[in-house]
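2 protein chains.
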Amino acid sequence: MCGIVGYVGPRNAVQLVFDGLKKLEYRGYDSAGIAAIKNGQVYLEKEKGKLVNLGAKLDQLPSESQLAVGHTRWATHGGPSQVNAHPHQSEGVTIVHNGIIENYDTLKSELKAQGVEFNSDTDTEVIAHVLSQEYAKDSSPQKALLRGIARLNGAYALGVLFSGQADTIFLAKEGSPLVIGVGQDENYFGSDITTFAEVAKQAIFLNDGECASISAKEVRLWDFSGAELKHHYTSINWTPGSAEKHGYRHYMLKEIHEQPSVISHSIEHFLKDGKLNEEALGITKLDLDKIQDINIVACGTAFIAGLLGKYFIEPLTGLPVNVDLASEFRYRNPHMLDEGRTLVIAVSQSGETADTLASLKHAKEAGCQIFSVCNVEYSSIDRISDSTLLMNAGPEIGVASTKAFTSQILCLYLWANAFAKQIGKLSPEQENQMTQELHSLPVHIDLAMNSEDKVKTIINDYYESPNFLYIGRGPSYPIALEGALKLKEISYIHAEGYASGELKHGPIALVDRHMPIVAIAPQDEYHDKSISNIEEVRAREGMVIGIGHDKDDKLQAVCNDVIPCPQVNNPAFQAILSSIPIQFLAYHIAVKRGTDVDQPRNLAKSVTVE
Amino acid sequence: MCGIVGYVGPRNAVQLVFDGLKKLEYRGYDSAGIAAIKNGQVYLEKEKGKLVNLGAKLDQLPSESQLAVGHTRWATHGGPSQVNAHPHQSEGVTIVHNGIIENYDTLKSELKAQGVEFNSDTDTEVIAHVLSQEYAKDSSPQKALLRGIARLNGAYALGVLFSGQADTIFLAKEGSPLVIGVGQDENYFGSDITTFAEVAKQAIFLNDGECASISAKEVRLWDFSGAELKHHYTSINWTPGSAEKHGYRHYMLKEIHEQPSVISHSIEHFLKDGKLNEEALGITKLDLDKIQDINIVACGTAFIAGLLGKYFIEPLTGLPVNVDLASEFRYRNPHMLDEGRTLVIAVSQSGETADTLASLKHAKEAGCQIFSVCNVEYSSIDRISDSTLLMNAGPEIGVASTKAFTSQILCLYLWANAFAKQIGKLSPEQENQMTQELHSLPVHIDLAMNSEDKVKTIINDYYESPNFLYIGRGPSYPIALEGALKLKEISYIHAEGYASGELKHGPIALVDRHMPIVAIAPQDEYHDKSISNIEEVRAREGMVIGIGHDKDDKLQAVCNDVIPCPQVNNPAFQAILSSIPIQFLAYHIAVKRGTDVDQPRNLAKSVTVE
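Just so you know, the protein sequences line up as chains A and B, in that order.
For the first sequence, position 610 matches number 1122 in the working numbering, and the numbering has no gaps at all.
For the second sequence, position 599 matches number 1111 in the working numbering, and the numbering has no gaps at all.
Hints are not guaranteed to be accurate.
Because identical chains cannot be distinguished in the list, a pair is counted as satisfied if it fits within a single copy or across any two copies.
Calculated pairs, DSS-like style, for lysine-lysine (alpha carbon to alpha carbon, straight line, at most 25 Å) [what the hints assert, rightly or not]:
| hint | residue 1 | residue 2 |
| --- | --- | --- |
| 1 | Lys-742 | Lys-713 |
| 2 | Lys-560 | Lys-968 |
| 3 | Lys-1063 | Lys-787 |
| 4 | Lys-620 | Lys-1063 |
| 5 | Lys-1104 | Lys-937 |
| 6 | Lys-784 | Lys-968 |
If you are wondering where the hints come from, they were derived from the structure by calculation, not from laboratory data.
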């Protein structure tokens, strides 16, 4: 799970590759490295930790280089260290790799038996040695690449430098994303288009089973049998979003505070003349009448948005909705109907989540319709879908998702309303009422920002707790899951979310006077039951932080502290509002504990290996 | 969430009620109490903690009493204490109560304003005062009861003694279970039939909205409007199972070791002449052709069995399967089709789980077919279902479910096969192969018992860890959830289960050298991916305990320790086998930590409040 990038052309290749890596740090920040060629010789620098560490060594690479490749790593095989950082080398071969080689241990044993010495614990080093062996046979880079990858099982996007080929980078793709940026007398490659989209206006998205070579003047493609392929260009019309902190201490804090404006923009974008905009919502390209059931597939926070989506989509459309972890869906022989009768919905901020993408391929083969909710145009998931709802939430830099989560909730909800409208299950009156409520949502989100003050005053009592539980009922149940995930990701506190009603089926055994329990309890139809569940916890001396209306006397009476949250009638909008206090809670606890909020340990923004 | 019991007749009422409470301790053990009448006077004893504490005070109650009621408590409102223990009293009224009164705080404020003094923090005491007020008006117990319960919102099974009514117990039921046992010149009531099934052969299961009075010679029933009802008898044919420890230190350990014989008996019971026994599997009473989709509803461990069931039921039947937490399903406006087109499956060991039962009522009103897998005949869930598969696993006493879990897996799997056979999706050859594999399952489970030795040798390195993660892919994912739940319940360690592929979407941030990760990794189709996920964890220095085949060199190479588990081809049977080591792991860690394994803190065997 890594990012790779490369450049060949007349400009400073090292600097361009380093700039490209900055765009890819969302894919991992365990280590980074660059290899550059000058006068036929390969220069290589790599460093453990974030990109800034590599940046300090950049002047040791030749600024006159006109060809370079780079890598930013999320460790899979072998810990984060300099020796495990890419690029990896073997005699005559230098490579950068994104993916996982599943038969690496078998290959490693074979190679060792042949006397090959290994410097790292990575699966990638095996590829370097394999390619080196093949290159030694006939000095043909193209043939060596094809023979080499034939020995690999797994997923890979590869950038390869062969000795004696000082002006060409060789590429191969299977499973992991790889795209070529075509410029004027210069060419690029990268894990996504952000690395070159501001300069190259044409892209070639490699398909699985394709290889390529790029030099300054030429791009060539061929398949794994060696047959030359025609170029398949995509025009890029890319407006880079703002990725500045605007004075906030962390991107995450900035992104939390952006939510009123993100939701405002969404309202402009997804409504037209006060009505649902079916086209922007991705409804028009779907064959709704065929759909008999719906499968949502996603990972992490997007999965939680999907769980919440089920609460709205089932009653609005009258269709059964199943929500699956993508990593399970793709392998578990799931129920799917052909001829477009099952609609598979992918939710993914980046559009590059490997398991989600693989699930869509699987669903496509099974004959399902594919709809996706994602934030990045031209991403792999956008491109594979029959219809995409582009969230327009702007770039999200903090690893812990905030504005993308609330935006996903809103998008799924509006999409379900548009679906219901098209099939005659949403009356004009209902649509009117919903859009009216929607128009006041940004104001309510703005009010929810006030919860930050209360969060700051109470966390002294809680931030040292090694464990937390989060509970909620109905639409507040997924919000409890998200609250726990958020805290876990950035504070390293073991937090776990539960449906309130499940607490007494086991987890309540954990509760004593040392356990903080965050209870999301708006004044909705579940309120009385939620209060009863909080009483059960209090009977075991748990410390309860309620999230609910500040005028809710019942809640105040049973909680140690209440973080105030505005109250609205629409349950989807309430779920968005309840998300704000849990984001602040996670953020301020993490800051208090001194963790790296925007780039927490072990994680990456986008999970591009399975 | 409590158990209530009562007796009126010529024998020693105190002893009979105390014996009845022993049978009900699965419903809670925070406190217990008995009220008995002698010569018109009420004697009352109650004690904090388990029943044994009350037993020590039994001689302070009159052994000549011919009428008594008893209560064993799981605390909901107000902590476990003597003062919060039932029975509760007010002037002229003594009550035992199972359920939750949702408007108790409003009533309490009203009563306090009228000068009523409260002795406890419970919701139940409110009922006593309300009934006392009503009884004072006209001294009619029946009218007082009807007027009193009209003031209550929530769930209740009530046993009430009124002053001046020394030979009669008054009952009312709404939401919580209540059954009358009809004997020869003696009558009983209880939360379930086990309290009297060995002596009374006729039972009257009260419906919601019904009241009753019982004396030695007479049972009367009426509805909440006061209209007299006819008796609705059920004949009881009950064989009490063995509930002895047979030399084991704990019931849980005994129940783990019982699994080979439970599964053997299941094979006898669910096969007939070597073929699937459709009748025992509950297939024959269902209208299979109508079914278009399936909803599984359950709580706790049974929910996890349902999650696993989905992996088998979808491919076998070709129908979409949704698995829902009962506490969510009953409120969330779920997709259901009428005319029996949606089949709702309940999984519940006790058959009394309140949320599951409420979900079934909801589904029945919506016109669904209802099928249940449960272990207790005549239980509320058994009685409401169109068809019941009785597990025949024998009584399970340990609060942490073990043999019931593996039995639920087997029952759901065999049921799905029988379903597939009926609709022509399971060929005779497939049935033959499955039953052959089934016949060797008990032997493999017996072999899995050997994992106990390895567990004992490794736990010294792990048992002090405050946190654990459990991971698995495919059918091993629900087993990971169950492993974490088991450890949580009895050791109070915060353990959490994850699909292996989800780890890097957040929880891997928790991993460092202090975090043990239990990886369930049999040599199935997911094996390579599982090994890759373990590598990712090892790259973050996590300590990995693998559960897999002891000849699995790949697994041995990436784990700190491997607990051996037999390997079979059938994934359902493999899931059952993988369950054994995680049960031993939880059990021995809990014993090492010195917790109360069979009756862990805060829990009850059966959750009979929502």
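Hints and how they fare:
1. Lys-742 <-> Lys-713: Answer is within: at 19 Å inside a copy they meet the 25 Å cutoff, but 83 Å across does not.
2. Lys-560 <-> Lys-968: Intra 34 Å, inter 40 Å, cutoff 25 Å: neither.
3. Lys-1063 <-> Lys-787: neither (34 Å within a copy, 63 Å between copies)
4. Lys-620 <-> Lys-1063: between (65 Å within a copy, 20 Å between copies)
5. Lys-1104 <-> Lys-937: neither (49 Å within a copy, 59 Å between copies)
6. Lys-784 <-> Lys-968: This pair counts as neither: shortest intra-copy Cα distance 40 Å, inter-copy 66 Å.
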